[in-house]
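Taken in sequence, the protein lines are chains A and B.
Heads up, the first sequence is in the working numbering, so the first residue is 1 and it goes up one at a time.
Heads up, the second sequence is in the working numbering, so the first residue is 264 and it goes up one at a time.
For the record, the hints were derived by calculation from the structure and aren't laboratory data.
Keep in mind that the hints are not guaranteed to be accurate.
[What the hints assert, rightly or not] Beta-carbon label-pair distances, calculated as ranges:
| hint | chain 1 | residue 1 | chain 2 | residue 2 | range |
| --- | --- | --- | --- | --- | --- |
| 1 | B | Gly-420 | A | Ala-29 | 30 to 36 Å |
| 2 | A | Gly-17 | B | Ser-513 | 31 to 37 Å |
| 3 | A | His-81 | B | Ser-463 | 36 to 42 Å |
| 4 | B | Ala-469 | A | Gly-17 | 20 to 26 Å |
| 5 | B | Glu-498 | A | Tyr-189 | 47 to 53 Å |
| 6 | B | Glu-498 | A | Gly-108 | 48 to 54 Å |
| 7 | A | Asp-23 | B | Val-394 | 21 to 27 Å |
| 8 | B | Gly-420 | A | Pro-69 | 37 to 43 Å |
| 9 | A | Thr-239 | B | Ala-446 | 17 to 23 Å |
| 10 | A | Gly-108 | B | Ala-433 | 39 to 45 Å |
| 11 | A | Pro-235 | B | Ala-469 | 28 to 34 Å |
Backbone N, C-alpha and C define an ideal beta-carbon position, used for all residues, glycine too.
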Amino acid sequence: MRIVVLVKPVPDPASAGERLGPDGRLDRASVPAVVNGNDEYVLEAALKLIEAAGEGEITLLSMAPANAPETLRKALAMGAHRGVHVTDPALGGSCAVATARVLAAALGELEFDMVFAGIDSSDGAGGIVPPAIAAHLGLPFLSYAARIEPDMAARTVRVRRISATGYDLLEAPLPVVIAGTQALGEPRYPSLKGIMAARGKEIVTRSLADLGIDPETVGAAAATTVVLDSRMPPPRAATEIVRGTPDDGAARIVDFLAERRII
Amino acid sequence: MGGLWVVAELGPDGGLARISTEVATLVRELAATAGLDAIGIVVAPDPGPAAAELATYLPVVRAITDGAAGVHAWSAVAAGHIAALLATETPDAGEAPDAVFAGAGADGRDLAGAVSALTGLGVLVNATSVVWTDGGPAVEMSVFGGKLLTTSGFTSGRGFVTVRPNVMTAAPATTAGRVEPQATTVSASPPAVKVVDRISEAGAAAPIEEARVIVAGGRGVGGSDGFGIVGELAEALGGAVGATRAAVDSGWIPYSQQIGQTGKIVKPELYLALGISGAIQHKVGMRTSGTIVAVNRDADAPIADFADLFVVGDLFEVGTALLERLRARPG
Ligand SMILES: Cc1cc2nc3c(=O)[nH]c(=O)nc-3n(C[C@H](O)[C@H](O)[C@H](O)COP(=O)(O)OP(=O)(O)OC[C@H]3O[C@@H](n4cnc5c(N)ncnc54)[C@H](O)[C@@H]3O)c2cc1C
Ligand SMILES: Nc1ncnc2c1ncn2[C@@H]1O[C@H](COP(=O)(O)O)[C@@H](O)[C@H]1O
């Protein structure tokens, strides 16, 4: 079973320093990068699947700035086998349309049964890269996965897609692209052994030239969207703190909501 | 005919999803400002009922009948039709829309991604407000977990916008529009994905993204039983029940109700947090709520820093007293 897991380094959501540069793009030096939370869930699902199958290989694929291997090491330490890092100075400022095209081209060079992606990324991108990649590759796309059950003998996969009222059971022939959620299960912590092993694992670097993509068609100059303005949200008013009996608290909540015409 | 398009999403009953009534209202108002036509598009095995409902919001609705949309995942089927319409209605023919709008939920974003790949159109996601400026939409969104607000546009002037719930209150138009059947010649479509079964889970809770009031419980609630008071308060306030990951991971409440970085992002008028510490990964999902009220017995919990009202106390004691007072209120 060969699974490619798409991993996006994102600014650490627990940090406070995200800034946009004058060009309206994230100033990546302003915050440390981590593996996108949802990508850890799909990686965990991939690890469990190959453990259950007793065979298989997981390749990480990331399109990211030159320092991404630091972030990828953590995912390798969880148990992925190797990484492919697409990086090129011309990629800076690429929009989601270009990102999907580049990742699809990189996937075109890899052999896989399934591609796993996170359902969305914590920096605010809206989860459109995975369906776009699937459409580029002409592969079935199964999203909002809460459970992934491949049948390698039949070469099909079933996915529980979370719906408004429960879930839809989807089925498609392999290969497929799947976007998964936290409902897949909590990711493992890398073991010391895993961390040591990750140091020796291979991360292959691919440039735009390697993928046969014209640099003019990606990056900020070719972006389909542009940030016109960015600002901090207005600060919240000071917190009113209530102590006293439970009923004092309840009474104050009712008054507070009535003052604001919420009730 | 240029214009602004709304691609309708359908609810579990095959009717128009609530988000689409909001998007339609937004687009009708934008189109009026921009001097453009507002056009609805419905793709369904039986588009009639949803198209008729959409036509109460928009002057023209094009109904595309495709049986595949009933037995296959909707977004791939719809993407083929939308891409085909976009391709025939070229700018030269003066028919291309200036922007296509859908909801920012599961179906809307799957659709937007597929259409962008098929057509090369840019996508602006999770709009919290859209205004018309300089011949194109200026789309406000909240990024990096609500730490920053940005306004963006399309470099070509055209693109696909996904809109968050509650950006607008849905309001029908003064006169109902007309529904026209629409034929398409689909040339490229993402592969269909079979829906083998649709499972309704007992006790599926009200969707939190659309709720105007959310009462959320965290680890402090202590168990599934503890969510009883959370649910009762939600009912008394006419709201939905939310939760932290700690409560979801403990199996007290389904993942569909989780708010935060890897759950849902919500913006209700009122967010009442019970037994929630306010960890950053939770905060990013609810910090833009209108009013935040928290009950926590630890006066130093991080949520004290961003709640509007913070009651120091036991959530069960305060919650029970609050329920009594809410129920005793007239009306
Ligand atoms: C990658 C990643 C993604 C994550 N995504 C999310 C996410 O989407 N959503 C999310 O919520 N979290 C998320 N988390 C987890 C997050 O870091 C916190 O662990 C979680 O939000 C804590 O939930 P909590 O506030 O319920 O629990 P705790 O932090 O344990 O807080 C419980 C609070 O309840 C109070 N309390 C206890 N008993 C009572 C009582 N009887 N009366 C009143 N108060 C009481 C305590 O004082 C305490 O403040 C994520 C973490 C990671 C690493
Ligand atoms: N630059 C990237 N490199 C690798 N994977 C990505 C990249 N961008 C997006 N993805 C994948 O697509 C998912 C959704 O991302 P997004 O569409 O950016 O919200 C992420 O969780 C990743 O799995």
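A quick look at each hint next to the structure:
1. Gly-420/B / Ala-29/A: 30 to 36 Å: With a Cβ separation near 32 Å, Gly-420/B and Ala-29/A satisfy 30 to 36 Å, so the hint holds.
2. Gly-17/A / Ser-513/B: 31 to 37 Å: At roughly 32 Å between Cβ atoms, Ser-513/B and Gly-17/A fall inside 31 to 37 Å, so the hint holds.
3. His-81/A / Ser-463/B: 36 to 42 Å: Taking Cβ atoms as reference, His-81/A and Ser-463/B lie about 39 Å apart, which means the hint holds.
4. Ala-469/B / Gly-17/A: 20 to 26 Å: Distance hint for Ala-469/B, Gly-17/A is violated at roughly 36 Å.
5. Glu-498/B / Tyr-189/A: 47 to 53 Å: violated, 40 Å
6. Glu-498/B / Gly-108/A: 48 to 54 Å: For Gly-108/A against Glu-498/B, whose Cβ atoms are near 53 Å apart, the range 48 to 54 Å holds.
7. Asp-23/A / Val-394/B: 21 to 27 Å: holds, 23 Å
8. Gly-420/B / Pro-69/A: 37 to 43 Å: holds, 39 Å
9. Thr-239/A / Ala-446/B: 17 to 23 Å: For Ala-446/B against Thr-239/A, whose Cβ atoms are near 58 Å apart, the range 17 to 23 Å is violated.
10. Gly-108/A / Ala-433/B: 39 to 45 Å: For Ala-433/B against Gly-108/A, whose Cβ atoms are near 43 Å apart, the range 39 to 45 Å holds.
11. Pro-235/A / Ala-469/B: 28 to 34 Å: Holds: the Cβ-Cβ distance is about 31 Å, inside 28 to 34 Å.
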